[in-house]
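Trainee: As a plain string of letters, each chain reads:
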Amino acid sequence: MTGPPAREVKVEVVGLTKKFGDLLVLNDVNFSVAKGEFLAIVGPTGCGKTTFLNLLSKLIPASEGQILIDGSEADPKTHNLAFVFQEPSSLPWLTVSQNVEFGMLIKGVPPGERERRLRSILDIVGLADCANLFPNQISASMEQRVAVSRAFATNPDLLLMDEPYGQLDVKLRFYLEDELLKLWRELGATVIFVTHNIEEAIYVAERILVLTNKPTSVKAEIHVDLPRPRSFIDEAFIDIRRQVTDLIRWW
Amino acid sequence: MNPDTRLKDPLSLRVTPWISFIGFFVVWQLLIDTGIVPRILLASPAEVGQLFIDKLTNPDPDGAVLLTHTMVSLLEAVLGYVLSLVIGIPLGLLMGWFVVAEGLARPPFEMIRPIPPVAWIPLAIFWFGIGLTGKVFIIWACGVVPCVINAYTGVRMTSPTLIQMARTYGASDWQIFTKICVPSALPMVFGGLQIALALAWTTLVAAELIAANEGLGYLITMGRRLLRPDMIVLGMIMVGLTGWIIGNIIDRIERRLTAGLERGGAAT
Numbered sequence: 000m001t002g003p004p005a006r007e008v009k010v011e012v013v014g015l016t017k018k019f020g021d022l023l024v025l026n027d028v029n030f031s032v033a034k035g036e037f038l039a040i041v042g043p044t045g046c047g048k049t050t051f052l053n054l055l056s057k058l059i060p061a062s063e064g065q066i067l068i069d070g071s072e073a074d075p076k077t078h079n080l081a082f083v084f085q086e087p088s089s090l091p092w093l094t095v096s097q098n099v100e101f102g103m104l105i106k107g108v109p110p111g112e113r114e115r116r117l118r119s120i121l122d123i124v125g126l127a128d129c130a131n132l133f134p135n136q137i138s139a140s141m142e143q144r145v146a147v148s149r150a151f152a153t154n155p156d157l158l159l160m161d162e163p164y165g166q167l168d169v170k171l172r173f174y175l176e177d178e179l180l181k182l183w184r185e186l187g188a189t190v191i192f193v194t195h196n197i198e199e200a201i202y203v204a205e206r207i208l209v210l211t212n213k214p215t216s217v218k219a220e221i222h223v224d225l226p227r228p229r230s231f232i233d234e235a236f237i238d239i240r241r242q243v244t245d246l247i248r249w250w
Numbered sequence: 000m001n002p003d004t005r006l007k008d009p010l011s012l013r014v015t016p017w018i019s020f021i022g023f024f025v026v027w028q029l030l031i032d033t034g035i036v037p038r039i040l041l042a043s044p045a046e047v048g049q050l051f052i053d054k055l056t057n058p059d060p061d062g063a064v065l066l067t068h069t070m071v072s073l074l075e076a077v078l079g080y081v082l083s084l085v086i087g088i089p090l091g092l093l094m095g096w097f098v099v100a101e102g103l104a105r106p107p108f109e110m111i112r113p114i115p116p117v118a119w120i121p122l123a124i125f126w127f128g129i130g131l132t133g134k135v136f137i138i139w140a141c142g143v144v145p146c147v148i149n150a151y152t153g154v155r156m157t158s159p160t161l162i163q164m165a166r167t168y169g170a171s172d173w174q175i176f177t178k179i180c181v182p183s184a185l186p187m188v189f190g191g192l193q194i195a196l197a198l199a200w201t202t203l204v205a206a207e208l209i210a211a212n213e214g215l216g217y218l219i220t221m222g223r224r225l226l227r228p229d230m231i232v233l234g235m236i237m238v239g240l241t242g243w244i245i246g247n248i249i250d251r252i253e254r255r256l257t258a259g260l261e262r263g264g265a266a267t
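As you go down the protein sequences, you meet chains A and B in turn.
In this text, residue positions in the first sequence follow numbering that gives the first Met the number 0: the first is 0, and each later residue adds one.
In this text, residue positions in the second sequence follow numbering that gives the first Met the number 0: the first is 0, and each later residue adds one.
The hints are simulated quantities; they were obtained by calculation from the structure and are not laboratory data.
Hints may be right or wrong, so weigh each one.
[What the hints assert, rightly or not] Taking lysine-lysine pairs in the DSSO-like style, the calculated list, with each CA pair at most 27 Å apart, reads:
hint, chain 1, residue 1, chain 2, residue 2
1, A, K170, A, K57
2, A, K106, A, K181
3, A, K9, A, K48
4, A, K76, A, K106
5, A, K106, B, K178
6, A, K57, B, K178
7, A, K181, B, K178
8, A, K9, A, K57
9, A, K218, A, K9
[What the hints assert, rightly or not] Incomplete in silico selection of chain A near chain B, CB under 10 Å:
hint, residue
10, L159
11, L186
12, G187
Owing to the predicted nature of the structure, the values given are computational and were not obtained by experimental measurement.
Think of the CB as a built atom: it goes at the ideal place given N, C-alpha and C, for glycine as much as any other residue.
Let the sequences and hints guide you as you build the complete structure.
Mentor: Rendered as structure tokens:
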């Protein structure tokens, strides 16, 4: 077993199962995420990725199984969860900086600390110049960066990302993925990143879970031990890509 | 919304509205002066203008100066209108988000909703006489309906993504209501305010036509009784003008409160 060096377990998913009536969507999903790990999950379209994330964030209840964060049942009211959606989710009536602050406001972060984190994150993602603009005055990619910043600003125990860059073009994606990695490294969050783009997954993640078609379970787990910044034409990168592609050839 | 999509021709844009505006009055005056429309049926703009100046200081023949009539109507309208906002908007917002509020408030609301506001006038006279209270009641009864409906619809139209987003951050139901649903319903609420205003103003004049001893509607009625078309037209113009001014004030407040939502929709 060539696992990563032993790290503290942050999230543990045990026998997670979801049924909608008779339809079995998730079937006995088991995995764990280490503290500060960047985990990517790839799966075919319609395999229940969104259901999976909704379960993880407790937006919908599971039929069976458990999600444990630091050993206790996950709960958005007590645990610090953050979710970056695929579609734009900034509040149109708030400015960029008010949007970034929103998560912290709900979490009850004190004003001084809020201000400090806001400044530092706006600096990292380069949104300081647009701090006072409204979402409809900035581009779609910037709006997504606002959502990512809002999530990181809460110092989440677990950050869930549902194809956050799925609607952006390739060049912007590279840029934002680098920015995401920078945030992740500097702020040390535990991230679960769902995508159907294999290259994106290999580029950002330390470990990749490959899901099966519905009813979904974990088909395989692949460790990505490549140095960063990673290159798409690197021998080892292509190797892993081939490995993942083979696993999902039947998509 | 976007000024660039409009043909840029500042001169004609500035001139044409004035041509039609002045033209309207010229044609009107000519119709009277040439006798095409007899004076007994319609007053000329000059006569109306004269009466306007006269009525600023002269309470005859209807018993009050123009300002008094206007203020009476305005007071009735504003009181009834504000009451309908204060009750209708919170009610509609709560009904949109909290199931219990909807369950409790919906049946009585649905029963009252189809009754045209003017149908309340006879009962209102029984209950409150022809004074201020009755008018305020009638205006409230008609203004509250669009306030409730629009506030309710506005909350129901809140993007599910935004609600989910707040939920994942651990927001309570009340926080989601106040921080997500209410602001996102604001444009609909203001739409409701405009509808309520138009309704309130129309209904007020109807009420004053039937039962009043002061107010712009009363001025119009007196004009009919005294066979004075100039009084009728003056009353109509004052009703229109006042309504237009109130509408503009609401518009201005709306634009200030919905800054982020008003800037021509989302960028893509």
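Trainee: Are the Cα positions of K181(A) and K178(B) separated by 27 Å at most?
Mentor: Violated, because 31 Å separates the two Cα atoms, which is more than 27 Å.
Trainee: Please work out if K76(A) and K106(A) have their alpha carbons no farther apart than 27 Å.
Mentor: holds (9 Å)
Trainee: Please work out if K106(A) and K178(B) have their alpha carbons no farther apart than 27 Å.
Mentor: holds (13 Å)
Trainee: For the pair supplied as a hint, K106(A) and K181(A), is the alpha-carbon distance within the 27 Å limit?
Mentor: It holds: about 24 Å lies between the C-alpha atoms, which stays within 27 Å.
Trainee: Is the Cα-Cα distance between K9(A) and K48(A) 27 Å or less?
Mentor: Holds, at about 21 Å.
Trainee: Quick one, are K9(A) and K57(A) close enough, alpha carbons at most 27 Å?
Mentor: holds (16 Å)
Trainee: Within a Cα-Cα threshold of 27 Å, do K57(A) and K178(B) meet the stated pairing?
Mentor: holds (21 Å)
Trainee: When the nearest CB of chain B is found for L159(A), is that gap smaller than 10 Å?
Mentor: With a closest approach of 8 Å, the L159(A) hint holds.
Trainee: Run the distance test for K170(A) versus K57(A): straight-line Cα separation, threshold 27 Å.
Mentor: violated (33 Å)
Trainee: Given L186(A) was flagged as interface, is its beta-carbon under 10 Å from a beta-carbon of chain B?
Mentor: With a minimum Cβ separation of about 16 Å from chain B (threshold 10 Å), the hint on L186(A) is violated.
Trainee: Would you settle whether the hint for G187(A) is holds or violated, based on the nearest Cβ-Cβ distance to chain B being less than 10 Å?
Mentor: Hint on G187(A): violated, closest Cβ of chain B at ~19 Å, above 10 Å.
Trainee: Are the Cα positions of K218(A) and K9(A) separated by 27 Å at most?
Mentor: holds (22 Å)
Consistency note: the structure conflicts with the earlier hints numbered 1, 7, 11 and 12.
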